[in-house]
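Residues per chain, in single letters:
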Amino acid sequence: MLKLESVHTFYGHIEAIRGITLGVGPGEIVCLIGSNGAGKSTTLMTISRILTPSKGRVLFEGKEIQNLPPHKIVSMGISQVPEGRRIFPKLTVKENLEMGAYLGSRGQGVRDQGQGDGNQESENLLEYVFNLFPVLKERQKQLGGTLSGGEQQMLAIGRALMSKPKLLLLDEPSLGLAPIIVSKIFKTIRELNAEGLTILLVEQNARAALKLAHRGYVFESGQIAKEGKGRDLLDDPDIKKAYLGE
Amino acid sequence: MKKLIFMFWCALLTLPFMGIRGAAYLFFGIAVSYGFYVALANMFGKIKKPDLPVNMKLLSTALIIFSFALPFLVRDYYTDVAILVCIYILLALGVNIVIGFTGLLHLGFAAFYGIGAYSNALLTTALGLDFWSALILTLILSSLAGFLLAFPSLRLRGDYLAIVTLGFGEIIRLVLNNWDSVTRGPNGISNIPSPVILGFEISSLKYYYYLVLLFMLSAAFIVKRVQRSRTGRAWLAIREDETAAEAMGINTRKYKFMALTFGAFWAGLAGALFASKMHFVSPESFTFMESVFVVCMIILGGLGSVPGVIFGSLILVLLPELLRDFQLYRMLALGAGLVLMMIFRPDGLIRSRQ
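In order, the protein sequence lines correspond to chains G and X.
The C-terminal position of the first sequence is numbered 245 in numbering that gives the first Met the number 0, with every residue numbered one higher than the one before it.
The C-terminal position of the second sequence is numbered 353 in numbering that gives the first Met the number 0, with every residue numbered one higher than the one before it.
Pulled out of the complex, with its shape left as it was, chain X reads as follows (with noise of 0.2 Å):
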């Protein structure tokens, strides 16, 4: 019954742009696919634990070929969509990495995108540099930033971080909007080379493709191997009970300046092969509306379980283009989407398992 009520609500809230048709149609549209979820759950729910991982070996198997094969099966258009998930994968990858395994609530996490698009950008076209050399350099300032920033926020804890970090995000975009003479300000940088390997231009849209998809797929295996290590140990265990950590011998302040600097490393590494996608960077892509866009979607896929982190980006990329043509209400289904989630999966589409 409160399921019902619920799908009833979400149809009322887009009654006022769809009409009474449109409502009714996403009103029976979530009917059929609770339905068909509950069908699933129940279906997963006889498979024997076991037998799950063969499952989901033989899963993302398929899916990393298919993924290989993306550009060759859809137009264009999709193919530029999917650069942009694995950008964002890439991103949420880092951000999962302080808030899903280590704890702690960093809402600012645009800043070291940005600080990642932004030294790419200038290290390109003002000093230069070919792209591999200033992606070196902007993989090093941006964990250096992730680093510094670690010392004042490092004493705080919960909510307390969430606004320093939130105020840290704003520092950075304002910075960028406002040094004029080294960022341009508000017009932003434009004409940034794209990379080149052994002297062929990776300009065409399929081989970006494939650099990115590599660049993701490298993260993912290694992101998902600390998560395993030593230090991912010393992350959860921080995360679950701090001072219990710090009884275990787990030297707590190290662990988090480990998470902080790793987590802004792949933001910068996502930062910067967006500013070589886009050849274009300017201070309106790294607002706290990112951030908190990025946090949505570690939380949609599954706070800390590293697929779960590459689903919710996929599906909060891919959502926002599907509906392209309901731009206007499109944040509010989102919103009621996430607001689904948090009754019927608190834990994330797939939940970590931990």
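Next up, chain G with everything else stripped away, as it sits in the complex (with noise of 0.2 Å):
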């Protein structure tokens, strides 16, 4: 589904990533694991390309999209979750996921306010959402930036959804939450996964992603050290001692 070949990208005048081929195919979880900079951001943001790749080929459903704009890039059928969350903190919960069905149904998500109740598919979508996290329901009303941290990541999982993407890129859902917010995060992903949405994730937690995922990368400064399934990444010696702590 999704191809990265031989791909470099500079991240300022480093060379963050270097020589990076990496797949993820259709209704796969897939995660990159490794040390602060290694590459696995910049990687996610080479595919969204918020970043441009300076060498190599990103391939989506058999098409190059390396020279492609952000936004089309969305369009496709990739949808980002950014690192660090990114809600907007100012707008409502409904505002914020409504937003992100900014091109849904081809230009009909955002629909114009103050006339009638919009289309169809957006409020479905909604609905989709909020039945995935309820508490965004409860607190449609209320800005963003007054939620908690679990809150917002839901958030920003749930405005992802609404452009309905093929692929999802998640940055790091579980940076700064709590252990049970946590686990619950990574249950909703596994049930998205199950409904057929492919995933590929960015981890520093490592053994909780490697038990997820499907399939594993191991990043070490900038290029791919390891590959595997992910109980087979989890039973590795190597990375046991580096990453899990054993």
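It cannot be assumed that every hint is accurate.
Result set (DSBU-like, lysine-lysine): computed pairs, CA atoms no more than 35 Å apart in a straight line [stated by the list, open to error]:
{"id": "1", "chain 1": "X", "residue 1": "K205", "chain 2": "G", "residue 2": "K140"}
{"id": "2", "chain 1": "X", "residue 1": "K253", "chain 2": "G", "residue 2": "K93"}
{"id": "3", "chain 1": "G", "residue 1": "K163", "chain 2": "X", "residue 2": "K223"}
{"id": "4", "chain 1": "G", "residue 1": "K163", "chain 2": "G", "residue 2": "K62"}
{"id": "5", "chain 1": "G", "residue 1": "K163", "chain 2": "G", "residue 2": "K228"}
{"id": "6", "chain 1": "G", "residue 1": "K210", "chain 2": "G", "residue 2": "K228"}
{"id": "7", "chain 1": "G", "residue 1": "K165", "chain 2": "X", "residue 2": "K2"}
{"id": "8", "chain 1": "X", "residue 1": "K253", "chain 2": "G", "residue 2": "K163"}
{"id": "9", "chain 1": "X", "residue 1": "K223", "chain 2": "G", "residue 2": "K140"}
{"id": "10", "chain 1": "G", "residue 1": "K93", "chain 2": "X", "residue 2": "K56"}
{"id": "11", "chain 1": "X", "residue 1": "K223", "chain 2": "G", "residue 2": "K62"}
{"id": "12", "chain 1": "G", "residue 1": "K183", "chain 2": "G", "residue 2": "K71"}
{"id": "13", "chain 1": "G", "residue 1": "K89", "chain 2": "X", "residue 2": "K253"}
{"id": "14", "chain 1": "X", "residue 1": "K2", "chain 2": "G", "residue 2": "K140"}
{"id": "15", "chain 1": "G", "residue 1": "K93", "chain 2": "X", "residue 2": "K223"}
{"id": "16", "chain 1": "G", "residue 1": "K136", "chain 2": "G", "residue 2": "K210"}
{"id": "17", "chain 1": "X", "residue 1": "K253", "chain 2": "G", "residue 2": "K2"}
{"id": "18", "chain 1": "X", "residue 1": "K223", "chain 2": "G", "residue 2": "K71"}
{"id": "19", "chain 1": "G", "residue 1": "K71", "chain 2": "G", "residue 2": "K93"}
{"id": "20", "chain 1": "X", "residue 1": "K253", "chain 2": "G", "residue 2": "K140"}
{"id": "21", "chain 1": "X", "residue 1": "K205", "chain 2": "G", "residue 2": "K89"}
{"id": "22", "chain 1": "G", "residue 1": "K54", "chain 2": "X", "residue 2": "K253"}
{"id": "23", "chain 1": "G", "residue 1": "K62", "chain 2": "G", "residue 2": "K210"}
{"id": "24", "chain 1": "G", "residue 1": "K89", "chain 2": "G", "residue 2": "K183"}
{"id": "25", "chain 1": "G", "residue 1": "K165", "chain 2": "G", "residue 2": "K140"}
{"id": "26", "chain 1": "G", "residue 1": "K136", "chain 2": "X", "residue 2": "K223"}
{"id": "27", "chain 1": "X", "residue 1": "K253", "chain 2": "G", "residue 2": "K71"}
{"id": "28", "chain 1": "G", "residue 1": "K89", "chain 2": "X", "residue 2": "K56"}
{"id": "29", "chain 1": "G", "residue 1": "K186", "chain 2": "G", "residue 2": "K2"}
{"id": "30", "chain 1": "X", "residue 1": "K253", "chain 2": "G", "residue 2": "K136"}
{"id": "31", "chain 1": "G", "residue 1": "K93", "chain 2": "G", "residue 2": "K210"}
In case anyone wonders, no lab produced these hints; they're calculated from the structure.
Keep in mind it's a predicted model, so treat the numbers as computed, not measured.
Hints given; two lone chains; assemble the complex.
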């Protein structure tokens, strides 16, 4: 579904990723783990084209996307939940979600305010997200910035889902959250995947991520050091030592 | 207590100009108006939110009716001031699109204002076009200027954008000042004709006021509609978080171009109306101070809120006129006023809902 072929990307003056080749198949959960600065987030940002690769190709469903602008990438069905959530703090929860549907159903997602009920599809999507995260429904009139960290993460994921993506890019969804919330978020990720959504996940919480993922890639200073099935990586002695603290 | 100290401080500031009695008056004036404000806030705080839009609607209808009746109620001098208010509202609406809606700190808006005024002046005097065809060309020219400036500035964010746009504003002013063969330099252009509708020359203040008022009201209406459209939402997303907006699939480049072009459009209209009202333009009217003044208007009124912008322009144009007797320290009063604003109502007098 998604393929990166020897991609190089500079982050400022630093070549943050140096020749990454990886693939994500339809319906998979793939996770990228590795230490800080190994290039995991850079890889995600290269896919969503917030950063531009200097070399290499990015293919999505067989089409080269490394030269498309970011909004085109979203409209192709790749949606990113950015690191640190980046919700709109001064908009209400509902407005945040509506913003996520900006490109939904080819430009009908965000409706003009005060023009009736808008279209059915964005209402349905909203309902879907509220079902997934009932707490968001309770707080739909609240400002995004007043939510707790976990709720904000849910909002960010919900917002990304509003564009009906085929591939969801998640950048450290567990960042700064309480363990109980983390396991809830991970459970939701698994549910979304069971519904057929393909997920590419970047995580510091290597153990939880590898348990969740079908396959994983281990990043080391801008290159892929290891790849394999989630379970296998979990049992790998090197990885145990380096990332799982055993 | 903090508030008391501030009132005292304000009074102290004016002491050298007004003497001890004047300062005391000011002190009590502020104290009384603050008490009034608290009472008002309490009153409005008790009114439930759904009631408010109805009141706003009533209020704005009343204000519009009042504005139409104005020339018959007051002296010509105030009609003249009212024309100026409308022109500044137009200008502030343009700036508000760029700074208030989209969050691009643009400090060179006097340039578009100047381009509008000078195009209108030159097209009507040097080329002898009538007001309306000149106006259309003027609007095209000023929008184009906004569009072209967007190219170099959109790569920049925040402070850097402010610096570049500030520079742009100065460039335009210097060009106007030094390109003698076309703009006649510091002497300015005089004898700009009044607009003519169907053979009827709008030369009297009253009629000109109605013309400007109609332009201003339609601008306010259009800007308000655009704010609530898809485009307005995209601007809002860019203002709140540009990266997140990009991740939502918003073409940030396109919408920033639109904001700058649209903003420059209204500034150009304001400039054209200014030129044909004054019958005279010179580079002095388009200095950096002018840009800052307009930014003050929208900050005072409330960034991103159309009624706020209108209110802010009204106050900032009216206040210096009313304080004309105290020429020397009106800028000081203005500054103190802005400081107070930032303390008591940091979101502006009429805060934007979003």
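Hints versus structure:
no.: 1; hint: K205(X) with K140(G); result: violated (47 Å)
no.: 2; hint: K253(X) with K93(G); result: holds (25 Å)
no.: 3; hint: K163(G) with K223(X); result: holds (30 Å)
no.: 4; hint: K163(G) with K62(G); result: holds (19 Å)
no.: 5; hint: K163(G) with K228(G); result: holds (27 Å)
no.: 6; hint: K210(G) with K228(G); result: holds (10 Å)
no.: 7; hint: K165(G) with K2(X); result: violated (56 Å)
no.: 8; hint: K253(X) with K163(G); result: holds (23 Å)
no.: 9; hint: K223(X) with K140(G); result: holds (22 Å)
no.: 10; hint: K93(G) with K56(X); result: holds (25 Å)
no.: 11; hint: K223(X) with K62(G); result: violated (41 Å)
no.: 12; hint: K183(G) with K71(G); result: holds (31 Å)
no.: 13; hint: K89(G) with K253(X); result: holds (23 Å)
no.: 14; hint: K2(X) with K140(G); result: holds (33 Å)
no.: 15; hint: K93(G) with K223(X); result: holds (21 Å)
no.: 16; hint: K136(G) with K210(G); result: holds (30 Å)
no.: 17; hint: K253(X) with K2(G); result: holds (29 Å)
no.: 18; hint: K223(X) with K71(G); result: holds (29 Å)
no.: 19; hint: K71(G) with K93(G); result: holds (24 Å)
no.: 20; hint: K253(X) with K140(G); result: holds (30 Å)
no.: 21; hint: K205(X) with K89(G); result: violated (43 Å)
no.: 22; hint: K54(G) with K253(X); result: holds (26 Å)
no.: 23; hint: K62(G) with K210(G); result: holds (31 Å)
no.: 24; hint: K89(G) with K183(G); result: holds (26 Å)
no.: 25; hint: K165(G) with K140(G); result: holds (28 Å)
no.: 26; hint: K136(G) with K223(X); result: holds (29 Å)
no.: 27; hint: K253(X) with K71(G); result: holds (13 Å)
no.: 28; hint: K89(G) with K56(X); result: holds (25 Å)
no.: 29; hint: K186(G) with K2(G); result: holds (26 Å)
no.: 30; hint: K253(X) with K136(G); result: holds (33 Å)
no.: 31; hint: K93(G) with K210(G); result: holds (33 Å)
Hints 1, 7, 11 and 21 from the earlier list are contradicted by this structure; the remaining hints agree with it.
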